[in-house]
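Position chain A against the provided structure of chain C, taking the given hints into account.
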Amino acid sequence: QKEVEQDPGPLSVPEGAIVSLNCTYSNSAFQYFMWYRQYSRKGPELLMYTYSSGNKEDGRFTAQVDKSSKYISLFIRDSQPSDSATYLCAMTSTSGTYKYIFGTGTRLKVLA
Amino acid sequence: GAGVSQTPSNKVTEKGKYVELRCDPISGHTALYWYRQSLGQGPEFLIYFQGTGAADDSGLPNDRFFAVRPEGSVSTLKIQRTERGDSAVYLCASSLGDAGAGYEQYFGPGTRLTVT
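Going down the list, the protein sequences come from chains C and A. All letters in the first sequence, in the order written, are residues 228 to 339 by the working numbering. All letters in the second sequence, in the order written, are residues 2 to 117 by the working numbering.
Chain C extracted, bound-state conformation (with noise of 0.2 Å):
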């Protein structure tokens, strides 16, 4: 079992949608939780950056993490177009290196 799951999609809504996109983890030592969309043949592009338990919101994002559950979520409101792209989320603990543990990443598309 991987230490982070996440489904890979891929996920079609209609544009103005609201999107949610989740992950589960199983290692109760991470404390800091990351979002990051990737365009195709593109680097990840850091979107939310989270520490511990509650929620985070960002222009249109919304980020909410839920340590007892060991679930994280994003929530992208008025979804557009431009949103298409993989979502990925990440975590790592407070202590060691501080090496981000990926998910697989979530396939959104929005359609016009």
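Note that these hints are calculated values from the structure, not bench results. Just so we're clear, the structure is a prediction, and the values are computed from it rather than from any experiment.
Cross-link-like lysine to any residue pairs, in silico, SDA-like; alpha carbons within 20 Å at most:
{"no.": "1", "chain 1": "C", "residue 1": "K269", "chain 2": "A", "residue 2": "D87"}
{"no.": "2", "chain 1": "C", "residue 1": "K269", "chain 2": "A", "residue 2": "S6"}
{"no.": "3", "chain 1": "C", "residue 1": "K269", "chain 2": "A", "residue 2": "T115"}
{"no.": "4", "chain 1": "C", "residue 1": "K269", "chain 2": "A", "residue 2": "S88"}
Per label pair, the in silico range of CB-to-CB distance:
{"no.": "5", "chain 1": "A", "residue 1": "R23", "chain 2": "C", "residue 2": "P237", "range": "32 to 40 Å"}
{"no.": "6", "chain 1": "A", "residue 1": "R82", "chain 2": "C", "residue 2": "D305", "range": "48 to 56 Å"}
{"no.": "7", "chain 1": "A", "residue 1": "Q81", "chain 2": "C", "residue 2": "R304", "range": "46 to 54 Å"}
{"no.": "8", "chain 1": "C", "residue 1": "Q307", "chain 2": "A", "residue 2": "G4", "range": "20 to 28 Å"}
{"no.": "9", "chain 1": "A", "residue 1": "D58", "chain 2": "C", "residue 2": "A339", "range": "39 to 47 Å"}
{"no.": "10", "chain 1": "C", "residue 1": "S320", "chain 2": "A", "residue 2": "G73", "range": "22 to 30 Å"}
Footprint (simulated), chain A over chain C, 3 or more residues, beta carbon under 8 Å:
{"no.": "11", "segment": "265 to 279"}
{"no.": "12", "segment": "322 to 335"}
The beta carbon of each residue, even a glycine, is placed where N, CA and C say it ideally should be.
Just chain A now, kept in the frame of chain C:
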């Protein structure tokens, strides 16, 4: 400011050859990471540098892989006797690496390595 840069963007090599992949981190970032991303997968950790030293190389798959960061800035990932299974996108990331400043990692565009 400038982000993380990686060269070359694409590298095609024959099985058995030696390759070097270069990473230029964000200025002032002391932490540097190498990851490898296979098709349809998330990036997988290879090695971490804090300054000039490799603080964690537990992700290197075998002794054909080696990385250096001699002056604490630019890093080179070296692969000897390349195999077809080494084909992947090699990503570099850098971070301020400080508890107060945060541990966000910023990625470069990657080097797409193809071993024929």
